[in-house]
Structures are given as C-alpha cells and as structure tokens.
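Q: Residues per chain, in single letters:
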Amino acid sequence: MSQWMTLLQKEMLEMWRNFKWIWVPITFILLGVKEPITSYYMPQILDAVGGLPEGAVINIPTPTAAEVLISGLSQYTTLGVLIIVLTTMGIIAAERKSGVAAMILVKPVSFHSFVTAKWAGSMILMWLSFFIGYLSTWYYTGLLFEWIPFSEFFQSFFFYALWLTVILTVTVFFSASLMAPGMSGFISLAVAIIISLVSSTLSNWLEWSPAQLTTYANEILMDKEIPDSTLPASLLAAVCIILLLYFSVFIFRKKELAA
Amino acid sequence: MSLIQISGLKKSFQGTEVIKGIDFTLEKGRCIALLGPNGAGKTTTLRMLSGLMNPTSGTISFTDAKKGEDIRDLIGYLPQFPVFYEWMSGLEFLSYVGKLAGLTSKEAKERSLELLELVGISDAKNRKTAKYSGGMKQRLGIAQALIHRPQLIMLDEPVSALDPIGRREVLDLLEGLRKETTILFSTHILSDAEEVCDEILFLHNGKIVESGTMTELRERHQQAKLDLYFKGKSEGYTPYFSNHELTLSVMTEGNRVSIFVRDIALARKAFLQEIAERNWPLEKFEVSSMTLEDVFMKVVGK
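Chains as they are written, first to last, in numbering that gives the first Met the number 0: chain A, 0 to 258; chain B, 0 to 301.
No lab work stands behind these hints: they were computed from the structure. Just so you know, even glycine gets a beta-carbon here, dropped at the ideal spot from N, CA and C. Among the hints, a few may not be true.
Okay, derived cross-link-like pairs now, SDA-like style, lysine to any residue, Cα gap no bigger than 20 Å in a straight line [what the hints assert, rightly or not]:
#: 1; chain 1: B; residue 1: 66; chain 2: A; residue 2: 5
#: 2; chain 1: B; residue 1: 105; chain 2: A; residue 2: 32
#: 3; chain 1: B; residue 1: 108; chain 2: A; residue 2: 4
#: 4; chain 1: A; residue 1: 253; chain 2: B; residue 2: 53
#: 5; chain 1: B; residue 1: 108; chain 2: A; residue 2: 253
#: 6; chain 1: B; residue 1: 127; chain 2: A; residue 2: 11
#: 7; chain 1: B; residue 1: 105; chain 2: A; residue 2: 2
#: 8; chain 1: B; residue 1: 127; chain 2: A; residue 2: 253
#: 9; chain 1: A; residue 1: 96; chain 2: B; residue 2: 50
#: 10; chain 1: A; residue 1: 254; chain 2: B; residue 2: 57
#: 11; chain 1: A; residue 1: 96; chain 2: A; residue 2: 248
#: 12; chain 1: B; residue 1: 130; chain 2: A; residue 2: 255
#: 13; chain 1: B; residue 1: 108; chain 2: A; residue 2: 255
#: 14; chain 1: A; residue 1: 253; chain 2: B; residue 2: 124
#: 15; chain 1: B; residue 1: 124; chain 2: A; residue 2: 99
#: 16; chain 1: B; residue 1: 9; chain 2: A; residue 2: 255
#: 17; chain 1: B; residue 1: 105; chain 2: A; residue 2: 8
#: 18; chain 1: B; residue 1: 108; chain 2: A; residue 2: 248
#: 19; chain 1: B; residue 1: 130; chain 2: A; residue 2: 16
#: 20; chain 1: A; residue 1: 253; chain 2: B; residue 2: 59
#: 21; chain 1: A; residue 1: 254; chain 2: B; residue 2: 129
#: 22; chain 1: B; residue 1: 136; chain 2: A; residue 2: 98
#: 23; chain 1: A; residue 1: 96; chain 2: B; residue 2: 53
#: 24; chain 1: A; residue 1: 96; chain 2: B; residue 2: 277
#: 25; chain 1: B; residue 1: 136; chain 2: A; residue 2: 8
#: 26; chain 1: A; residue 1: 253; chain 2: B; residue 2: 65
#: 27; chain 1: B; residue 1: 127; chain 2: A; residue 2: 248
#: 28; chain 1: B; residue 1: 65; chain 2: A; residue 2: 109
#: 29; chain 1: B; residue 1: 127; chain 2: A; residue 2: 107
Where chain B lies over chain A, by a calculated footprint (3+ residues, C-beta under 8 Å) [as the list claims (entries may be wrong)]:
#: 30; region: 1-13
#: 31; region: 102-116
#: 32; region: 181-187
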C-alpha cells in the first residue's frame with residue numbers, strides 16, 4: 000500500500016511539474032462556461048457582428064436551463080474526450096519507450112501497483128477537472144437562466160463522469176499494450192467514437208451500453224428522474240473498467256520491458 | 000558460497016538464437032566481468048538475469064531466495080543507457096526508487112544522500128536529471144542500483160560511454176564496492192576487466208567460450224614467447240632462430256624478433272649463449288607474458 004501511495008504521489012508531482020494540473024482544469028472550465036454564456040448573449044452577439052439584411056428579425060427562442068446544461072455536457076463528449084485521451088495516452092507507453100519503466104521495474108515494484116497508480120492519478124485529474132468545469136456550467140446557467148437543483152446536476156455529473164472513466168481506462172489499456180503513445184491515443188479515440196456511434200444508432204438494443212450514460216445524464220436533466228437503464232449501464236461500465244485494468248496489468252506484465 | 004546459478008540459459012529473437020545455452024555460477028563477494036565483442040550477447044544475458052527479459056529456456060536460481068520471494072529485492076541493475084524521470088532531481092529520483100524498494104521516506108533520503116556522496120555527484124543533487132551529463136547519469140545509475148543494498152549488482156557497460164577521467168573514477172568506485180557486494184559487469188574493454196575483476200567470463204556468439212580467474216586464464220593460455228630487440232634490422236638473425244630445435248615459430252618486425260619456444264628456460268640459456276658468442280648487437284631481451292588481449296584474440300579467433 001505504501002508503495003502504491005509512493006507511485007501515486009509521483010504521478011501527482013509529475014502532473015504538477017508538467018502543468019497538467021493547470022491546463023486541464025482551465026480548459027475544462029473554459030469548455031464549461033462557453034455554452035451558457037454564448038447561449039445567453041447570442042442575440043446580442045449576432046446584433047453586434049451585424050451582416051444581417053436590414054429589417055431581418057432575429058428570433059431565437061431562449062433555451063431552458065436544462066437544455067443549456069445538456070449542450071454544455073456535449074462539449075465534453077468531443078473536446079473533453081480528446082483532452083482526456085491526449086493527457087493519458089503516453090502514461091505507460093512513453094515511459095516504456097524511454098526506458099524509464101525498465102529502471103523502475105527492476106526494483107521490487109508490483110506491476111499491479113505500477114499500472115493502477117497511474118490510472119488513479121489520471122482519474123483524480125479527470126474527475127476534478129470535469130467537476131469544476133461542469134460546476135461552472137451549472138453556476139453560469141443558474142446566474143443567466145435559472146437554477147437547476149444541485150442534486151440533478153450532481154447525478155448527471157456522476158453518470159457522465161463514469162462514461163469518461165471508461166474512455167480513460169480504455170486509453171490506459173492501450174497505453175499499456177502498445178509502445179507508441181500516438182498509436183494508443185489514436186486507437187482509444189477510435190474505440191470511443193465507435194462505441195458512441197454504435198450505441199446511439201442501436202440505442203433500442205444497447206440500453207446497457209456504457210456510452211448510453213451520456214444520454215441518461217441528459218435525461219436526468221430533462222425529466223428530473225434517473226432513467227431505468229442507468230443502473231445496469233453503470234454496472235456494465237464498472238465491469239468494463241475493472242476488466243480493462245486487469246488486462247492492462249496482464250498484458251503489461253507479459254511484455255518484455257527491454258525491447 | 001554460490002550466489003546465483005545459471006544453467007542452460009537460451010534466448011531467441013524471432014527464431015534467431017542469440018544466447019546459445021549458458022551455464023555459470025557466481026560466487027559471493029566476487030567481481031566478475033562479462034567480456035565479449037559487440038553483439039556477443041552480454042546485454043541480453045544481463046537483462047535476463049535482471050528479470051527484464053524472459054529466457055527462452057534455462058534457469059536462473061538465487062541460492063538465498065526463499066520460495067516465492069521477488070528476486071528483484073536481491074539485485075541492482077544499471078542498464079547501458081540509464082534514463083531517469085527528467086523532471087526529477089537526482090536526489091528525488093534516488094529517494095523515489097528507495098521508497099519503491101521498501102525503505103521509509105527518512106531512510107530513503109539518508110541512503111540517497113550517502114550514495115550521492117559515494118558516487119561523487121552530491122553537488123548536483125538538486126539539479127534536474129535532464130541537465131545531467133553522460134558521466135553524471137552513469138553515476139546516478141550506479142547509485143540507484145545500490146539503493147536497496149542488493150546482494151548482486153549488475154552493470155551493463157558502466158564505463159564504455161565515459162571519458163578517461165570519468166572512467167578512472169567509476170573503476171575506482173567499483174573497486175571500492177567489491178568489499179560490500181557481488182559485482183557482475185559487462186564490458187568490451189579488456190583492461191577494465193583485468194583491472195577490477197577477479198574472474199572473467201568470455202562471451203562470444205552467445206556462448207561462454209572461456210572462463211576463470213586471470214591467473215587461471217594466463218596459465219591455460221600461456222605461450223612461451225621471447226622478444227629480442229636488435230640494433231638495426233633484425234632479418235639477418237632470423238634464420239638461426241627459426242632453425243633452432245626449441246623454436247616453434249618466429250615473427251620479425253623492424254628491429255624485433257619474436258620467438259615462440261617450447262621451453263622458456265632452455266631457450267633463454269641457449270639463445271643468450273649463442274648471441275654472446277656471435278657478438279650480435281642485442282639491445283633488449285624480454286620474456287613476454289600473455290595479456291588478456293592475447294587470450295581474447297586466441298579465444299575469439301577459434
């Protein structure tokens with residue numbers, strides 16, 4: 000356990016020294032506040048930019064607070080996922096490529112701890128950044144539109160973050176199995192896109208797909224209650240995360256550290 | 000007492016056998032050099048011993064390892080090109096590795112400072128490792144191999160990348176470490192092996208072609224050779240030596256005649272008498288001893 004903590008502390012320090020603790024939360028906050036602010040000021044923005052023919056009437060229906068939060072969340076589906084994959088893809092692959100993983104693993108370090116501590120480090124960064132990012136969406140939506148109850152905000156946050164965790168774990172898995180960080184990033188993105196696409200096109204058959212958690216997070220905001228399939232989808236997500244971590248360690252251990 | 004036993008060790012890469020069955024035993028407290036030309040399989044052998052690579056077949060067993068014990072507790076390893084976390088300072092890296100090896104924070108820090116002093120880079124302890132020179136990285140690498148007081152340290156080409164001064168210092172360091180632990184290091188530089196080690200393993204094309212202590216090797220490969228230096232060209236004197244009954248072969252180069260003989264004592268007596276009688280202008284007479292390089296060439300040339 001103390002070894003695991005040492006590994007985790009090192010991850011935290013590294014993310015601090017390479018400024019991940021600064022730029023990831025800031026990007027997530029920017030992504031988060033963009034939506035409520037642009038929705039609110041859209042008529043004024045269009046007005047100020049001009050270019051519309053004389054006499055044209057701008058008639059944009061004011062979105063509801065729930066709609067603003069939902070479109071805020073959709074920012075994280077694209078750019079948020081990209082940032083998560085980019086910050087995580089090298090986490091193991093880069094260390095193995097540089098050879099520093101071999102320096103560490105000739106010491107009596109458990110492979111389990113090595114992989115899971117890295118995963119935990121990325122998780123803490125991701126959950127915190129996403130939380131404050133989405134919290135700022137909620138806050139600005141409250142200020143500019145109307146306040147959504149905190150419990151609904153938090154439920155949608157939690158289930159959405161669970162889906163982001165699946166993506167993060169997929170990235171850790173490919174980072175453990177492949178040598179090249181770029182390759183593991185690319186494949187992780189492709190996997191995330193394919194799962195999302197398949198789940199949304201076949202949504203009737205794939206109600207339990209973890210990718211559906213994004214839809215359920217939206218429904219929580221719209222309908223003010225948790226959809227029935229949320230629980231099985233969350234359980235499946237948890238199973239996926241555990242299996243992916245297990246296989247990450249398994250494959251990483253099998254691979255020879257010195258190429 | 001033996002520390003580690005290796006038997007029938009083999010390694011193949013994509014069907015090519017790189018290590019073709021190695022057997023040897025390392026004794027406790029010795030310093031052993033793994034000597035061989037580039038590509039002989041030195042690095043591969045060390046990587047298998049350190050657990051970074053799995054042997055295709057064969058066994059590596061530590062005498063002291065209890066059943067199920069992680070052998071990584073017992074070894075320290077320095078790869079040929081050590082790499083560190085570039086954003087850490089030397090002291091941070093050592094303490095980190097120390098804690099991973101099971102020391103408490105306090106112990107790890109104390110041991111790190113002690114080792115930084117020992118390897119002579121304590122001035123740079125707070126500098127980022129990205130800014131370290133090649134020699135400093137090598138020293139930090141040796142320090143990290145020693146952090147958990149392993150029973151065996153394995154160093155892959157520890158001095159090959161260093162300048163003459165750095166190399167001298169690292170060799171002196173190894174000399175000092177011999178008292179504390181068993182050292183196995185690979186090199187292709189013969190004089191380094193000869194200087195620091197008690198024992199030598201010659202690796203060539205994935206096989207151990209010769210092994211033993213320096214004295215044993217000398218005795219086994221000693222060829223009686225006399226070097227005679229004359230004033231001026233020496234060719235004129237060759238026929239006498241090559242026709243002599245004690246001579247095996249003769250080589251001439253400039254003012255030197257080298258003669259391999261059957262028996263040093265007899266040959267010395269006979270040749271010196273003859274030279275004195277004929278009044279040849281001999282300048283220097285030498286009974287040459289076999290160097291490690293001669294053994295190396297002989298063994299590898301087979």
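Q: Is the Cα-Cα distance between residue 96(A) and residue 50(B) 20 Å or less?
A: Roughly 18 Å separates the two Cα atoms, so the pair holds.
Q: Does residue 66(B) pair with residue 5(A) here, judged by a C-alpha cut-off of 20 Å?
A: Not satisfied, since the Cα-Cα distance of roughly 27 Å exceeds 20 Å.
Q: Hint check: residue 108(B) vs residue 255(A), CA-CA at most 20 Å. Holds or violated?
A: violated (31 Å)
Q: Sort out whether residue 8(A) lies within 20 Å of residue 105(B), counting only the CA atoms.
A: Satisfied, since the Cα-Cα distance of roughly 16 Å is no more than 20 Å.
Q: Is the hinted pair residue 105(B) and residue 2(A) satisfied, with a Cα-Cα distance of at most 20 Å?
A: holds (15 Å)
Q: Does residue 8(A) lie within 20 Å of residue 136(B) when you go C-alpha to C-alpha?
A: The hint is violated at about 24 Å.
Q: Given as covered by chain B, does the region 181-187 of chain A meet the bar of three residues or more with CB within less than 8 Å?
A: violated (count 0)
Q: Do the alpha carbons of residue 253(A) and residue 59(B) lie within 20 Å of each other, as the hint requires?
A: holds (18 Å)
Q: Below or equal to 20 Å on CA atoms is what counts here, so check residue 96(A) against residue 53(B).
A: Holds - the C-alpha atoms of residue 53(B) and residue 96(A) are around 18 Å apart, at most 20 Å.
Q: Next pair to validate is residue 127(B) with residue 248(A); report whether the Cα-Cα distance is within 20 Å.
A: violated (30 Å)
Q: Measure nothing beyond the straight line between the CA atoms of residue 253(A) and residue 65(B); if it is 20 Å or shorter, mark the hint as holding.
A: Violated - the C-alpha atoms of residue 65(B) and residue 253(A) are around 23 Å apart, more than 20 Å.
Q: Does residue 130(B) pair with residue 255(A) here, judged by a C-alpha cut-off of 20 Å?
A: Measuring from Cα to Cα gives roughly 29 Å; hence the hint is violated.
Consistency with the previously given hints fails for numbers 1, 2, 5, 8, 12, 13, 14, 18, 21, 24, 25, 26, 27, 29 and 32, ordered from lowest to highest.
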